[in-house]
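K.L.:
Each protein sequence line maps, in turn, to chains D and H. Once you know that position 57 of the first sequence is 57 in UniProt numbering, the rest is easy, because the numbers rise by one and skip nothing. Once you know that position 166 of the second sequence is 166 in UniProt numbering, the rest is easy, because the numbers rise by one and skip nothing.
Keep in mind that the hints were calculated from the coordinates and are not lab data. Treat the hints loosely; a few may be bogus.
Copies of the same chain are indistinguishable here, so a pair counts whether it falls within one copy or spans any two.
To be verified - Taking lysine-lysine and the DSSO-like style, the derived pairs with C-alpha atoms no more than 27 Å apart in a straight line are:
1. Lys30 / Lys58
2. Lys172 / Lys33
3. Lys93 / Lys33
Protein chains: 2
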Amino acid sequence: MYMAERIRKNMDKIPEPTLRRLPWYLSNVKLMKEKGEKYVSSTQISKQINIDASQIAKDLSYVAVTGRTRVGYEIDRLIQVLEDFLGFTNLHKAYLFGVGSLGGALLRDSGLSHFGLEIVGAFDVNPNLVGTEINGIPIYHSSEFESRRQQDGVYIGILTVPINIAQEITDKMVEGGICAIWNFTPFRIRVPEHIVVQNTSLYAHLAVMFNRLNETIKK
Amino acid sequence: MYMAERIRKNMDKIPEPTLRRLPWYLSNVKLMKEKGEKYVSSTQISKQINIDASQIAKDLSYVAVTGRTRVGYEIDRLIQVLEDFLGFTNLHKAYLFGVGSLGGALLRDSGLSHFGLEIVGAFDVNPNLVGTEINGIPIYHSSEFESRRQQDGVYIGILTVPINIAQEITDKMVEGGICAIWNFTPFRIRVPEHIVVQNTSLYAHLAVMFNRLNETIKK
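Looking at chain D on its own, in the form it has when it is part of the complex (with noise of 0.2 Å):
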């Protein structure tokens, strides 16, 4: 059916970049299915988001799917495949590592679920918050953590503690059993290489739009 279809054994570490771009393809082809369209082709997504066409089809022949000649990639195959391999369609169990501004925030956010992150509980050492919980989210006390996590099988933990004690937090998160970390502190974590780090530091992006705009309004 397909005409070069096929798994990539042995793939390679599929490119950070690609994987980033995959969501935006996803979102895209969505719309797409919204108005009815059952195939597109990577020139009309390309149109749509000004991508190089043909950067398009080489991200999507990571995730094993090809368009037909002509008709271009069926809507609802890449949706279900797009959405398998980017993890949003199974639950990936995480704790949240302090519940301040936006650890709080992150807690209420319900959204993160529909893209496969399910929060099941948050530590805190603040005893106004030990015992509380936020969103149906229960709030433990930090010396909690360690029995907790082989409990609950939990290999995710997100980072959102002041940067006085993030390194220590983190240090104590991979001696509990922590495997990923989503680092929204400012600060740089050191970790041991087999633990994977995703930095999303609000506060950079903040930075980088304050600069821009300055620039622009300058002009």
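With chain D held as given, fit chain H onto it using these hints.
P.N.:
For chain H alone, kept in the frame of chain D given last:
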């Protein structure tokens, strides 16, 4: 005093990677100040955050501060210069568009104001939300945006709407005078060349993290 302090005139546009690294240096240097240090060298920062010392010195030369031989950078001054440069010391007013799960979470994150962002209003069309406020921030009907923006003098818009209206709302923001868009949707928005866009797709970061974690667990 400083051996090679100089204001870079006709300065080139600062590279985005540099802009993204500067907040790391800032958080690191703030920690050293807490520990009572007065001076810091690029070598010391380098050891902490695992970035080449020469890269750090080069990055810091963009903010027109250079270290003294053997002593390094004066910490108080470095913090001040970095915070000013990154735009964290004066508040930039912003509007938020789309008070869904993520939008509401961002409204509740008071921490953003410590990094120079003050959300002064939000827009939505949901009659249950319009007229209410979250964390002291009023929610207006989207139809009020243009007139309010002129009054309030707001140039920054935060985009947290569903993907099917992301482009439409973007176009309205730009028509209404917004110059910089902080895009939290997984949709790649199209804007005129002079508009600043900063993409923060939490879902793309999640996708990268899930993918890398699966690789780790397989090994």
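K.L.:
Confirm or reject each hint.
P.N.:
Hints, one by one, checked against the model:
1. Lys30 / Lys58: Cα proximity of Lys30 and Lys58: one copy only (20 Å, versus 44 Å across).
2. Lys172 / Lys33: Result: close only across copies, 24 Å inter versus 45 Å intra.
3. Lys93 / Lys33: For Lys93 and Lys33, neither the intra-copy (30 Å) nor the inter-copy (37 Å) Cα distance is at most 27 Å.
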